[in-house]
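K.L.:
The chain contents come next:
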Amino acid sequence: MAKIDVSIETEDKPAPPPKHPNTCPGCHSHYRDDELERAQWVCAQCGHHFPMRARARIASLVDDGTFYEEAADLHSEDPLGFFDLRPYTERLAEAEMSTGLADAIVIGQGSIEGRGCELAVMDFAFMGGSMGSAVGEKFSRACDSAAERGVPLVTVTSSGGARMQEGILALMQLPKTVCAVEDLHDAGQAMLSVMAHPTTGGVLASFATLGDVLLAEPGALMSFAGPRVVQELTREKLSEDFGRAEQNLRFGQIDAIVPRPELRATLGRLLRIFNAPV
Amino acid sequence: MAKIDVSIETEDKPAPPPKHPNTCPGCHSHYRDDELERAQWVCAQCGHHFPMRARARIASLVDDGTFYEEAADLHSEDPLGFFDLRPYTERLAEAEMSTGLADAIVIGQGSIEGRGCELAVMDFAFMGGSMGSAVGEKFSRACDSAAERGVPLVTVTSSGGARMQEGILALMQLPKTVCAVEDLHDAGQAMLSVMAHPTTGGVLASFATLGDVLLAEPGALMSFAGPRVVQELTREKLSEDFGRAEQNLRFGQIDAIVPRPELRATLGRLLRIFNAPV
Amino acid sequence: MPPSEHELRLRDRLSRLRSVSLLGGAKLSGELQRLQRQLDRIGEEPTGDDIWRSVELARHPDRPYTLDYVEALLDDWFELHGDHRRGDDAAMIAGLGKLHGRTVVLVGQQKGRDIHQRSERRFGMSNPEGYAKAMRAMKIAETHGFPVISLVDTPGAYPGVDAEQHGQGGAIAESQAVMARLTVPTVACVIGEGGSGGAIAIALADRVLMQENAIYSVISPEGCAMILWRDASQAKKAAAAFKPDAVHCLELGVIDAIVPEPKGGAQTDPQAAAQLLGESLRETLEDLVDVPGDELRRRRRAKFRSLGVFA
Amino acid sequence: MPPSEHELRLRDRLSRLRSVSLLGGAKLSGELQRLQRQLDRIGEEPTGDDIWRSVELARHPDRPYTLDYVEALLDDWFELHGDHRRGDDAAMIAGLGKLHGRTVVLVGQQKGRDIHQRSERRFGMSNPEGYAKAMRAMKIAETHGFPVISLVDTPGAYPGVDAEQHGQGGAIAESQAVMARLTVPTVACVIGEGGSGGAIAIALADRVLMQENAIYSVISPEGCAMILWRDASQAKKAAAAFKPDAVHCLELGVIDAIVPEPKGGAQTDPQAAAQLLGESLRETLEDLVDVPGDELRRRRRAKFRSLGVFA
Ligand SMILES: [Zn+2]
Ligand SMILES: [Zn+2]
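Residue numbers (the working numbering), protein chains in the order written: chain A, 1 to 278; chain B, 1001 to 1278; chain C, 2001 to 2311; chain D, 3001 to 3311.
So here's chain A without its partners, still in its complex pose (with noise of 0.2 Å):
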């Protein structure tokens, strides 16, 4: 198992960058961009899952030309005027600049197997996947538009958390969330969730949980406080696998753990159970 160890804490710092970019931390075998591309993110030797990015995953799962992306500029605003160490709309920026997104959610329609979806993927690249404003909004838009057209909704999250530096307003987008997935609901339609590494505090407590079928990725941690806050209130070793897809799927917690290869099958198999239009 790889020993990925992003939590919640981390959320706005990247880990410090390993040696060569692409050394595989589970088994440490070393990948070029396109060797990895090909992969799918997948360490050929041991299996690992390298993070993936919120484009990247779209084009590996839905069928190809039929997404089209929705509300692509829109962006959080600063409500508390956040300053720590620098200002939070530098933050902003910067991550705009690096990830070319505006922020950490891709939402747009699809098709996946020749059956119509809605797809709200998270990428973790934007400021540790953390839900903002946007991310709120744009994943309740996703449930509209999901319900608007009478198709499932399938998500890929990836997230540290709330975003602390939207304050009281991030921890609002949970029920936001929560909100719009059950007007979803009671619109008929499914949501196929998928919980990427990491799936962690208000998204893990918020949408991702709701889902219909809960699917997660092989060592994906699924946890709500990060394994630092746990370890340090407990002052016991955690488990190996504390947190992980694993340990999920033997506590009763999700109904499968899908490797990436498998992932796009597995959903067109659930877009055909839940009825989405050819």
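Just to be clear, a hint being listed does not mean it is correct.
Below, in silico cross-link-like pairs of lysine to any residue (SDA-like), each with a Cα-Cα straight-line distance of 20 Å or less [stated by the list, open to error]: (1) K2098/C - L85/A; (2) K2098/C - G114/A; (3) K3139/D - D1183/B; (4) K2098/C - E113/A; (5) K2236/C - F1083/B; (6) K1237/B - D2162/C.
Everything labelled a hint here was simulated from the structure, so no lab data went into it.
For chain A, the structure is supplied; the task is to place chains B, C and D with the ligands on it using the hints.
P.N.:
Chains B, C and D with the ligands in isolation, oriented as in the chain A frame:
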């Protein structure tokens, strides 16, 4: 804690009589009938709750002169022509003779602390309080009577489980009573469930645990399988209070343990809370 | 030859059914035809030996189990895991798939084939987490309007210390309550042992079917013998007394139809058994899918509330 | 004196509220009056010192807790215990009682007074069983049409190993989902610490109130300081940056009204604090009890779906 060992296996075979009929199994105190009756069959020394007959229970709960019994003569038939060491019909007749009841439950209208309610009270003395067609039907009628009159239903259970002499029809009293409770709830009425010793098997696994509020008497055994069955399977020594009300409270299965002298007041309070009509 | 007493009782049930207003015109005639067909197949009342043969076949180690029928009958099967609260009970299967092109939710107990599976699946005896998983699946069915198919095959709920501490009785009651509230079509079929509370927890359905050699009972023959004769070896005598076989269950109105098995029992030809079960499920669902949800629920409750023999 | 920038923002919120069609005529004017009254009381924007004083008062060891308000405000109180599945979480209170003669369901976190209680109640930090208990209580409210009152007072959900293994995140989400589905009036009030996911789990209500010296935040000041300044002692600076005080929460539209406390804080006169809270709850409930259930739910969801600042 009193050590009563009544489990579903003994449902039609009363335990061998103690040397003195009113000897407390908890502390071995002796009582005269009238002493016990005045004390609502609670041991003054150790608090042990003796079994309480259905009519005495009703008298101890309702306002004087307010109880109006329903379906008093309804009794089970013998659908299978069941015969073990003796015919079922003979066992029924004997139970009727010895208890003065047509079956193991008494239902009717009454008021508690001035608030109208319907009551359904079981009697362990009638074939171990086992649930056959008559118990299921009378309980269901109590639900309907409560719904029609717009009053909550108060149940007091004491049962070894389903009555095996009625075969599969005894099992069918589980879904039957569950459906009756659902109809009661759809009519907007509450059910207040009091579990007396013992409430086990099919009664625990049907209406008794579907109350809006679940109360138990101290020391009451409330297990689905009897302790003997569990012990035989697991071959471990069971804890002193295995399946008892106290353990059920600790494990979050019930709302409160209410000693018999406080039961009337507690039900009165709950009837006010659930807006039972004056 | 004059009709037997047993046949007379079945005919009596038929004539009572004719006067029951629960089932509307077309539906009723389908029901009648089914019963008539079954009546034609059933000659005599099962004897004690016949009943004991059912007990043995229902428990036959080669008898098809829930997942065998899933594999034979459902396309696009996706198994759900866990109650999303506390645990994943291997004794209870829940999942989604397509039956003859229609999405259904399927729940059912699962016994194990080898020693390892048997222990992991506890011989099909569920813990509260198993019922919670089934309830979760049924709520997905309710949200999306999928019919529920329930395959019953359990000696009973698991009588363990943890199970008791975690509310086994309450879980069985709650599962029945969830089924009493559903507004989607529900069909249960007893495919092996329909044991007591563990079975009824997932059998409060619009239609209850039973395979020809399945048994459905309030207690195991051994348990009954132990209590009434103080001797578990009197199980055959006990079974003859409480009659857990399909014909008697039909006669008592506890089940709606008997699903035929290949000659000699389902284990002799699992594929044929699956096909016969699949046909029965399809036919039964077709009867139900056009009934409005609140009417389904009303009829379901009325049916179960009518069970019992009293005066 | 010209109005401060802060007052301008509050006035701006007022004028936006006027144009919101969510609240019908009479209700809107009540809302406006309440905001106007609050505006009159609030002169200047709270400083970093003011905010820190709220943090200290919200955590004051003598501050009234949930059960203190229950005792002062509810008649015929009956406390519910357990989730009827797995456990009884002492960090979460749930029960039924009469508020000014009307039956309500009350849920709320409960801190402990002495060392024993604090450990038993985990300082008001719930496990999944606590949220499950709250959900059970809310379902009773839904069945019987009782309003739900939620008193929020927690540093956060309990970050324990068991809690995580038993689905803490999912429990918090599910509790919010249950509140989003209710068709009965719901009022939440933050009475001390409104800490993160642990708080919002029971705060998805038609109206959200906050006591004058309560705090409501996405993270604790210490946690924020630790992450952003790598130094927990910078908590005061962190609090000044993320503004967890009632006035800022009102300004951001996160709460609907501020419940006044006695001068110096609720701990100086618990009886007076209870009376002020009781009046606010009564007034707020009266606004809601005549609104049809599906309309309440629609408005509730629309309100939470409107929160956030983006472009
Ligand atoms: Zn590797
Ligand atoms: Zn005694």
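K.L.:
Does each hint hold? Answer for all of them.
P.N.:
Hints, verified against the model:
1. Restraint check: the Cα-Cα separation between K2098/C and L85/A comes to about 56 Å, which exceeds 20 Å; the hinted pair is violated.
2. Annotation: proposed proximity of K2098/C to G114/A holds, straight-line Cα distance about 18 Å (limit 20 Å).
3. Straight-line distance between C-alpha atoms of K3139/D and D1183/B comes to about 16 Å, which keeps the hinted pair within the 20 Å bound.
4. Taken as a hint, the K2098/C and E113/A pair is honoured in the structure, with Cα atoms around 17 Å apart against an allowance of 20 Å.
5. At most 20 Å may separate the alpha-carbon atoms for a hinted pair to count; K2236/C and F1083/B meet this at roughly 14 Å.
6. For a cut-off of 20 Å, the pair hint linking K1237/B to D2162/C stands: about 13 Å separates their Cα positions.
Checked against the numbered hints above, the structure breaks only hint 1 and satisfies the rest.
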